[in-house]
Amino acid sequence: MSTVAAAHDDHHHHAPTGLKRWLFSTNHKDIGTLYLWFSFAMFMAGGFMAMVIRAELLEPGMQFVDPEFFNQMTTVHGLTMVFGAVMPGFVGLANWMVPLMIGAPDMALPRMNNWSFWILPFAFTILLSSVLMSAFGAGHPSAPNFGWTFYAPLSTEYGPASTDLFILSVHMMGISSIMGAINVIVTVFNLRAPGMTLMKMPLFVWTWLITAFLLIAVMPVLAGAVTMVLTDRHFGTSFFSAAGGGDPVLFQHVFWFFGHPEVYIMILPAFGIISAIIPTFARKPLFGYASMVYATASIALLSFVVWAHHMFTVGMPLAGTLFFMYMTMLISVPTGVKVFNWVATMWRGSMTFELPMKWAIAFVILFTCGGLSGLMLAITPVDFQYHDTYFVVAHFHYVLVTGAVFSMFAAAYYWLPKWSGVMPSKLLGELHFWNSLISVNLLFFPMHFVGLAGMPRRYADYALQFADYNFWISIGGFWFGLSQLFFLALCLQCAMKKGEKAPAKPWDGAEGLEWEVPSPAPFHTFDTPPVVK
Amino acid sequence: MQSTLFHRAAVGLTSLMISGMVAASDWTERSDHNLRPGVTAVSKEVYDLHTTVLWIVTIIGLLVFGLILISMIRHRRSKHPTPATFHENVFLEVLWTIVPFIILIAMAVPATRVLIELEDTSNAELTVKVTGHRWKWEYEYLTYEDDNNIGVSFISNLATPPEQYENPVLSGGLFPYGTAKDRVGQDFPEKSHNYNLEVDNKLVLPSGQKIRFLITSADVIHSFWVPDFGGKKDAIPGFVNETWANIPEGQEGIYYGQCAELCGKNHAYMPVEAKVVSQKEFATWLAQKKEEAAAAPDLTPFPDLDTALSAGEKVYKANCALCHGAEGQGGIGPSFVGDDYVTNPEHLEDHIHTVVNGRNAMPSFKAQLTPKEIAAVITFERNAWGNDTGDLIQPADVHDQE
Chain A
26 MSTVAAAHDD
36 HHHHAPTGLK
46 RWLFSTNHKD
56 IGTLYLWFSF
66 AMFMAGGFMA
76 MVIRAELLEP
86 GMQFVDPEFF
96 NQMTTVHGLT
106 MVFGAVMPGF
116 VGLANWMVPL
126 MIGAPDMALP
136 RMNNWSFWIL
146 PFAFTILLSS
156 VLMSAFGAGH
166 PSAPNFGWTF
176 YAPLSTEYGP
186 ASTDLFILSV
196 HMMGISSIMG
206 AINVIVTVFN
216 LRAPGMTLMK
226 MPLFVWTWLI
236 TAFLLIAVMP
246 VLAGAVTMVL
256 TDRHFGTSFF
266 SAAGGGDPVL
276 FQHVFWFFGH
286 PEVYIMILPA
296 FGIISAIIPT
306 FARKPLFGYA
316 SMVYATASIA
326 LLSFVVWAHH
336 MFTVGMPLAG
346 TLFFMYMTML
356 ISVPTGVKVF
366 NWVATMWRGS
376 MTFELPMKWA
386 IAFVILFTCG
396 GLSGLMLAIT
406 PVDFQYHDTY
416 FVVAHFHYVL
426 VTGAVFSMFA
436 AAYYWLPKWS
446 GVMPSKLLGE
456 LHFWNSLISV
466 NLLFFPMHFV
476 GLAGMPRRYA
486 DYALQFADYN
496 FWISIGGFWF
506 GLSQLFFLAL
516 CLQCAMKKGE
526 KAPAKPWDGA
536 EGLEWEVPSP
546 APFHTFDTPP
556 VVK
Chain B
263 MQSTLFHRAA
273 VGLTSLMISG
283 MVAASDWTER
293 SDHNLRPGVT
303 AVSKEVYDLH
313 TTVLWIVTII
323 GLLVFGLILI
333 SMIRHRRSKH
343 PTPATFHENV
353 FLEVLWTIVP
363 FIILIAMAVP
373 ATRVLIELED
383 TSNAELTVKV
393 TGHRWKWEYE
403 YLTYEDDNNI
413 GVSFISNLAT
423 PPEQYENPVL
433 SGGLFPYGTA
443 KDRVGQDFPE
453 KSHNYNLEVD
463 NKLVLPSGQK
473 IRFLITSADV
483 IHSFWVPDFG
493 GKKDAIPGFV
503 NETWANIPEG
513 QEGIYYGQCA
523 ELCGKNHAYM
533 PVEAKVVSQK
543 EFATWLAQKK
553 EEAAAAPDLT
563 PFPDLDTALS
573 AGEKVYKANC
583 ALCHGAEGQG
593 GIGPSFVGDD
603 YVTNPEHLED
613 HIHTVVNGRN
623 AMPSFKAQLT
633 PKEIAAVITF
643 ERNAWGNDTG
653 DLIQPADVHD
663 QE
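Heads up: the sequence lines are chains A and B, in that order. Counting the first sequence from 1 gives a position; our numbering is that position plus 25. Counting the second sequence from 1 gives a position; our numbering is that position plus 262.
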């Protein structure tokens, strides 16, 4: 047996190098690394667009760009962040960590894994090329300008020519996501180490498994929506045009049937990450493991019956409106369970506050802020006031930036020693954390105020009473954007292996199979499956 | 250019400080950081509901954050070196599932009541049809008390002149305008007090009567929103939505609102300005409007070119500048500066036809402008910005095309 294993090892040793290593990679670690770098690149690109938006909103009036280009920036910023930064970021983490956490040698479908990553750079080249063209100014073709939600008829009869580029790239992103999700499901169901029962899996694996099912359920719905937009634009159908017997509101129903589960696709893996980090640094087992699993599953199920809370103002029947209001309020129960469980995990623990823990605690507090404003938005009569204002912008940036993105930073600080073999620079890490924490709140907290005071979202220009807060919001925006350069420097240092050498288990309270392999994790791990007791 | 940008930033900062004081009055006299209580009974209930929910979530938030803080202080390793080992507690877990559920029910009850009230548009005394256009609102008065045949409608445009906002240093994209250097460092007109909120034709409404709004759109989805009336409703092409307001007597005045659904380039430039007057005043205003609507259009010719030009400039700024540029330089619509279309006499008839009936993305203006206004604006377009054709178009020329 041992000789067979050794011979097998030999077979693997000539790992490819150079460009081929990355282009043709079927290794979950290399593909994970590719995903993570891609995600960070898109985070910077989307962040640059946010800077353009904030520069324009620094003061009332149009100072820098024209309103048309402003709309293109809000649209492509949203698309890039959702489909380019957050989703691939989590897929990257799944690639790296799921096999390591369940004791699998690799993802179950390695070639598909390669494909699902390499679709993405092409998809985003197509999408971002429309911005590059449009950036040359008046007379050049416009980039998508209808918001990331691409409501019909703004994207159908009134959409620019580049809408077709957008449709093609969304299709490609969807294919990539579905393949990534299939891979996670097959891996989790088939490649768990002996003894790794479902209810022993780390929560990150659980949340990703549930996320993968959500992805498979709703990405085809998004594909359907963009296809209907395509046929409405070019093949004479009228799905979304009242003039031809269709209904613009149908678009919103289809889009948000995808869009709401999508929200949980972007936050469930974050719950998994936080559930790994808090027990490590509280040196105490996760409180209520089973209830965490059930809460995640209930959130996922409920996410299919709340979509219309994004569209309370379209004029639904009273009964429908009430149903979606009650269901939306209900979702705060399992979400609350999670937050309480994290607090109970910290309670009477023996906590230290290394960088991953700092990000995790910031996540719990700030994500809860976003969750609570979400509960406010669920109350339909008040939502008639909040809807489409900066209050909504504040809400979803709290859950997506201080939620999803913060959790990914926490994950990066937590697992970078494992990935790179070196401890990330403490100085850069502290600078990154504190600058980000302060600036992100300067950036998003006042948005609640301007939103309540009545500033609609996606406004290139605004009435004078919103000026003061918008100025500070913009300052917060530039500050937050620049703070990310600390992280870039830190990652480059790790990539160049500069820094203190990391032990196999750099955090004394950590548990899990990923800490049983050396740091950096060798190219192949768990060729012989570990036995979990 | 950089130093000028810096200069502008400094000026911007100063003006912001001043605007901070300005912000304390008028639309914002009540608040620039919280929801507005509004003027109607429903909007006040919505405000109360908002306040209640805000307190509930604030208390929950403080409770959770307080526990985290206590834990971070008392259960840090230096203070609490040996961690406890508990990892479940059935009582606690049931408790924090059931208690939030009860709090939710406490919120859902008043929310349901207010929602039912908000959706009840029956027994209205005035019905106004609101139509969203890119980028202006059209108001059509359908019925008032026993009068089911009013026939009064008009378009409401942004009244803030484009010079106050249209001064970007970059062109459509990220590269400087051809004329950027001329524009940078230029002194722009000071922003008016109700910048971006004021309109030419206000939505006039009576106080003390229930007003039903029928909301629809002529092109893309817009959203009709006057915060003081308690909420917004989407304007959807091909469908009619309903909402209502009843502004109590004694609360006459101006109420502002904005479009709340992304509708394209000038989404930020289509405000609502409602003027609420007493019922007596409203009846007088409506009678006068009815009379105007019934009268034959004013076709008296312009005495000379200058009269037509000054009338045309106003019409241009209110209706054309958004797409064709404040200086006729173009934008969404084509440029007029020295363009063959507006200088060549061969195209004159077609020019009139296009303004009257519309063409492709260009809307028809015959419903919203009088023949006299159309004649004035075409005259203006053919003589401004160095076009100097000397063409003087008379209202009768336009009327022939309608």
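If you are wondering where the hints come from, they were derived from the structure by calculation, not from laboratory data. Note that CB positions come from ideal geometry on N, CA and C, so glycine has one too. There may be inaccurate statements among the hints.
Stated by the list, open to error - So, partial list: chain B residues that the calculated Cβ filter (under 7 Å) puts toward chain A:
(1) Ala373
(2) Gly413
(3) Ile614
(4) Thr616
(5) Gly620
To be verified - If you only want the chain A side, here are some residues facing chain B, beta carbon under 7 Å, derived:
(6) Gly172
(7) His196
(8) Ile200
(9) Phe365
Stated by the list, open to error - In the DSSO-like style, the derived pairs of lysine-lysine whose C-alpha atoms are separated by at most 30 Å in a straight line are:
(10) B:Lys464 to A:Lys451
(11) A:Lys530 to B:Lys464
(12) A:Lys523 to A:Lys451
(13) B:Lys464 to B:Lys453
(14) B:Lys551 to B:Lys537
(15) B:Lys341 to B:Lys464
We went through each hint and held it up to the structure:
no., hint, verdict
1, Ala373, "holds, 5 Å"
2, Gly413, "violated, 25 Å"
3, Ile614, "violated, 26 Å"
4, Thr616, "violated, 19 Å"
5, Gly620, "violated, 15 Å"
6, Gly172, "holds, 5 Å"
7, His196, "violated, 23 Å"
8, Ile200, "violated, 28 Å"
9, Phe365, "holds, 5 Å"
10, B:Lys464 to A:Lys451, "violated, 61 Å"
11, A:Lys530 to B:Lys464, "violated, 70 Å"
12, A:Lys523 to A:Lys451, "holds, 12 Å"
13, B:Lys464 to B:Lys453, "holds, 20 Å"
14, B:Lys551 to B:Lys537, "holds, 15 Å"
15, B:Lys341 to B:Lys464, "violated, 67 Å"
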